[in-house]
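Generate coordinates for the entire structure from the input sequences, incorporating the hints supplied.
This note's numbering numbers the first residue of the sequence shown as 5 and each following residue consecutively.
Keep in mind the hints are simulated off the structure, nothing from the lab.
In this text, a Cβ means the ideal position worked out from N, Cα and C, and glycines have one as well.
SDA-like, lysine to any residue: derived pairs with alpha carbons at most 20 angstroms apart:
#	residue 1	residue 2
1	K162	Y123
2	K284	L274
3	K266	F278
4	K59	D257
5	K266	P178
Restraint-style ranges between C-beta atoms, simulated for each label pair:
#	residue 1	residue 2	range
6	K266	H40	38 to 46 angstroms
7	I262	H40	35 to 43 angstroms
8	N34	V305	43 to 51 angstroms
9	Q55	R125	32 to 40 angstroms
10	A105	H211	21 to 29 angstroms
11	S219	Y123	37 to 45 angstroms
12	R283	R154	23 to 31 angstroms
13	R154	N118	17 to 25 angstroms
14	A105	D295	25 to 33 angstroms
15	H211	I285	50 to 58 angstroms
16	E52	R230	23 to 31 angstroms
17	I285	S183	38 to 46 angstroms
18	S219	V44	24 to 32 angstroms
19	D122	T289	17 to 25 angstroms
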Amino acid sequence: MIYMDNAATSWPKPKTVRTAINEALDHAGNPGRGTHSYTVWSSMKLNEVRQKLAKLFCIKNSQRIAFTSNATHALNIAVNLCYGQIVTTAMEHNSVLRPVATRGYYHVNEADANGSLDYDRIRRSITELTGAVVMTHASNVTGEVYDVARIGEYCRKKGILFVVDCAQSAGVVPIDVESMCIDVLCFTGHKGLFGIQGTGGIYVADHVRIRPYMSGGTGSHSFLLRQPTEMPDCFEAGTVNTHGIAALGAGLDYVSGIGVGKMQEIHTELWRYFTANARKINGITVYGPEDAGGGMINTGVV
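Right, dumping it as structure tokens:
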């Protein structure tokens with residue numbers, strides 16, 4: 005099979021991912037819910053994977069990362085943290101647009117015919133009523149990698165929350181939350197990080213005001229009737245997907261072994277080869293910018 009659906013989920017997975025799942029099935033207890041060896045193993049595994057994610061995204065404190073079931077889950081949490089008007093773009097996935105529209109009070113910046121964004125236009129759309137900007141790092145339609153650092157720096161100067169959807173860019177494009185001025189980062193585990201479906205996470209900077217999204221057991225502060233407000237417990241109500249997180253850890257090892265910079269180089273080289281040759285074939289149209297950088301390709305066949 006020639007697999008061309010990596011924008012939806014990466015395949016095949018490294019063999020080490022399958023090994024990690026089997027190891028978790030043999031050893032994983034419920035993290036934070038006891039003191040026996042299997043529970044301790046699970047708790048240690050979660051912290052280990054948090055640390056790997058922190059290294060990947062240049063996050064200083066790994067405890068600012070909470071695991072979620074996917075990027076959509078993480079983005080719903082992120083939108084719940086927003087105050088005031090939300091500024092976003094027309095290039096967002098529905099995992100952004102629907103939560104934002106459901107919340108109400110938002111402004112959508114349009115893109116041009118190639119799916120490119122006007123950064124000056126985005127800045128002009130930010131007013132004294134704007135409380136947050138939510139945008140994607142890389143388009144799932146055209147593959148274009150957007151200059152989030154440019155918008156992040158402007159948001160930081162204005163004191164506006166900056167939320168970035170890294171579902172398509174995590175593991176494919178270098179990400180530094182500090183230099184990009186990212187306050188909240190949302191990611192999935194089953195695409196560029198080579199984990200399995202049902203995994204994802206959210207990073208929240210320590211200066212962001214925390215507001216629980218849902219309530220339930222955390223294995224900590226069990227005497228409280230309200231959800232803890234510390235990270236990561238605040239957003240990890242209920243039993244987490246320990247087996248999936250273990251697999252994500254193996255996927256992260258695979259990515260770090262190659263290097264994200266090299267991974268982007270490989271994606272870009274393959275993208276250029278495919279698009280250059282596809283454009284020579286009558287009846288095939290390649291949509292999007294000339295050099296997207298994210299590895300995704302959008303074509304039309306007549």
